[in-house]
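Peer 1: Chains A and B are the protein sequences, given in the same order.
Taking the working numbering, the leading residue of the first sequence gets 42, the next gets one more, and so forth.
Taking the working numbering, the leading residue of the second sequence gets 4, the next gets one more, and so forth.
Since no wrong hints were added, every one of them can be taken at face value.
SDA-like mimics (lysine to any residue), calculated; alpha carbons at most 25 Å apart, straight line: (1) Lys-164(A) x Asp-242(B); (2) Lys-140(B) x Thr-112(A); (3) Lys-227(A) x His-161(A); (4) Lys-140(B) x Arg-68(A); (5) Lys-127(A) x Arg-142(B); (6) Lys-140(B) x His-161(A); (7) Lys-269(A) x Arg-251(A); (8) Lys-140(B) x Leu-108(A); (9) Lys-140(B) x Asn-142(A); (10) Lys-164(A) x Arg-239(B); (11) Lys-140(B) x Glu-130(A); (12) Lys-227(A) x Arg-84(A); (13) Lys-269(A) x Asp-298(A); (14) Lys-269(A) x Leu-253(A); (15) Lys-127(A) x Ile-132(B); (16) Lys-127(A) x Leu-141(B); (17) Lys-127(A) x Leu-271(B); (18) Lys-127(A) x Val-267(B); (19) Lys-127(A) x Thr-257(B); (20) Lys-127(A) x Met-133(B); (21) Lys-227(A) x Pro-83(A); (22) Lys-384(B) x Leu-372(B); (23) Lys-140(B) x Ile-110(A); (24) Lys-140(B) x Arg-133(A); (25) Lys-164(A) x Ala-125(B); (26) Lys-164(A) x Arg-253(B); (27) Lys-127(A) x Asp-265(B); (28) Lys-164(A) x Asp-255(B); (29) Lys-140(B) x Arg-126(A); (30) Lys-140(B) x Thr-124(A); (31) Lys-227(A) x Thr-257(B); (32) Lys-140(B) x Phe-69(A); (33) Lys-140(B) x Arg-253(B).
Covered by chain B, per the in silico footprint, the following chain A stretches (three or more residues, Cβ under 8 Å): (34) 141 to 153; (35) 156 to 167; (36) 170 to 181.
Sample of chain A residues with no beta-carbon within 10 Å of chain B, all distances over it, derived: (37) Asp-58; (38) Ser-86; (39) Glu-190; (40) Ala-198.
Derived by calculation from the structure, the hints in this document are not laboratory data.
Ideal Cβ placement from N, Cα and C applies to all residues, glycine included.
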Amino acid sequence: MTVAVAAAAVGPAPSGDLLVATDCTKRFGGLVAVNNVDFNIPRGSIVSLIGPNGAGKTTFFNMITGLYIPTTGSILFDGVELTGRKPHEVVRLGVARTFQNIRLFGNMSTEDNVLVGLHHRLKSRWYGAILRLPSVRREEADAHVRAMELLDLVGLASRSATLARNLPYGDQRRLEIARALATDPKLLLLDEPTAGMNPEETRRLTDFVRELREKLGLTILLIEHDMKVVMGISDRVTVLDHGERIAEGTPAEVRADVRVIEAYLGRGAAGGG
Amino acid sequence: MTAAARLRRPSLPGPWERAGSRRRQTAALIVLAVLAVVYPLVFRFLQQNLGFLPWPDTAVLIVCATFGILALGLNIVMGFAGLLDLGYVAFYAIGAYTTAFLASGHFGIHISWWIVVWIAVAAAALAGIMLGAPTLKLRGDYLAIVTLGFGEIVRIVFRNLGDFTLALPSFLGGAVLIGPNANLTGGNVGINPIDPPTLPIPGPWGDQIVFSNQNPTASLYLVLGLLCLTYLVCRRLRDSKLGRAWMAIREDETAAAAMGIDTVTTKLLAFSLGASFSGFAGAFTGAYQTAIFAESFNFSVSILVVVMIILGGIGSLRGVIIGAFAVTYVNLTFLRWAGEFLNPPIDALGRATGIGLLADFNLVNYNFLIFGIVLAIMMAKRPEGLFPVESAKAEMHGIGISADVTGGGPDELAAAEEDVIAVHVPSPAVAPDQPEDAR
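Same shape as in the complex, but just chain A (with noise of 0.2 Å):
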């Protein structure tokens, strides 16, 4: 029902890229994570960011959301510079992440850390919150309920008074997944959401981000290294080794290409192909 609400919202999804990124480099001292990288993710569609350990995938994550200053490049986000912005505004701009070791508020319940997520849409400030003034009673009873409706999403309603801590680690993911929704994004980054999960939670996953497409009208960039997980659910999907882009097509075309089957399997077994 929420999901139907928020799809008559967003409408169909326009044509064009919603994130465009231009030659992009990150240097760590002497070693580039990431190195002279573009990169288009369509608008509406399902994009992922593969390739072995090390290869700049989350430190290209780290970048879109303000983490690391890009150390050359630009990204443009919705026609938006993001690269200089700090975290919380690129947030606000509507991009949304999950983390690889999730990052959970474990102290706070499962409500409040949705809550948190929607921390930038309340608009009701310290001295109203003192005052406990109508407007603020209203947002928070109200911001309450879209928590719920968040937590209801992805299964977890039951569970709002646990702390996050005390949750089974697929509930875990998925409570994280429910955090970032409550952030309002066009574009929802996904850092290994299958990682840790046992082939059953891993389809109900895949099938849940794909819903999310379908019905929230959200683009999605994840770093997933299940390949099954990627050939199935991608639209298209760009490989990273080294810092470096050697592919980008669909995930049929990806299979196929040399430099790939090199980078995962190493030099001999591409030579046969």
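Given the coordinates of chain A, assemble chain B onto it according to the supplied hints.
Peer 2: The following block gives chain B in isolation, referenced to the frame of chain A:
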């Protein structure tokens, strides 16, 4: 089954549970209020008839309540936002001196206390921002050291501004700009007398009520009112958007920023709002004692307040108030009372054995040793404090932790799903922190 049932029990009071306990809370508050009103009236009777018990006198209760306000304020900074502050006394001093400047004969300014108190609050809040702004990037030990220094600097500045000269260096002409021997703060002697708060209500006590140490009963009612106000404000802040943002920063600053929280503004608000309560307490203390001097705002006050909130239960509003009352009571009444029994035999023992340390023994002098021991025992046995928030209890004792927040493999996941209670999943080779992928 029992495990599942235990897990579903909400570990934080949700809106429902809060609404359900509201009645109990109201009842407890009424009882406390009646006790507070009656106590100063029956104190003499209690002391005369049950004098073998250590009854705190009204003046002690006033100090208790003042420290209650301080503890609630520091709890915002340390308990909610997780920023270790060892210089909290500075804001207390700033509040007290602001009051002294604006309501005493020192400068001949006599503004009503009811107005001055808000100026003192604003001054302390401003000082909080001044301390917060340069220390935004610091956490933990480093922040503690800077704040400790700040507390000492403020005290010393207030002391030294009692007799100072501001002059241009000789190569610029050496002209004296201020002074010589200018007196801004009264130095070691301090400022005395300060106008106490008054209310123009005539009665058997005269034609107005004066809230000074000459009239402890009225002063107690005033400071308890201020404490209630502070408690109410703290509770509303805790349950607001800002309170959640503070706790999110305490839990994980990076994740908080990634959820749209402006960490700079939020931390500055913690410093300034926390400091403002200290200014509130300082404005009361200065006016109630009608005298202040710099040395009373020393480092040990900061430490005492930290002890109070750790002992009471960091982050818990009720806990820190109880902590403040308990520590102050022990410090000012209980040790003196216990000393009456313990001092003479220990003293006699010291003289008989010739151990100088025991001769002239006075238990009151060992208060910080006792607090230190109590704190050490607490850290070992009950680190979450006497009246903790549920989350702290869970954190300190690992109750009901089913999966490690930092990771967990596919194998452990099944276990975590099945047997939800007390299965602590060790994190396999997952990088503990970022940069996650920057190798």
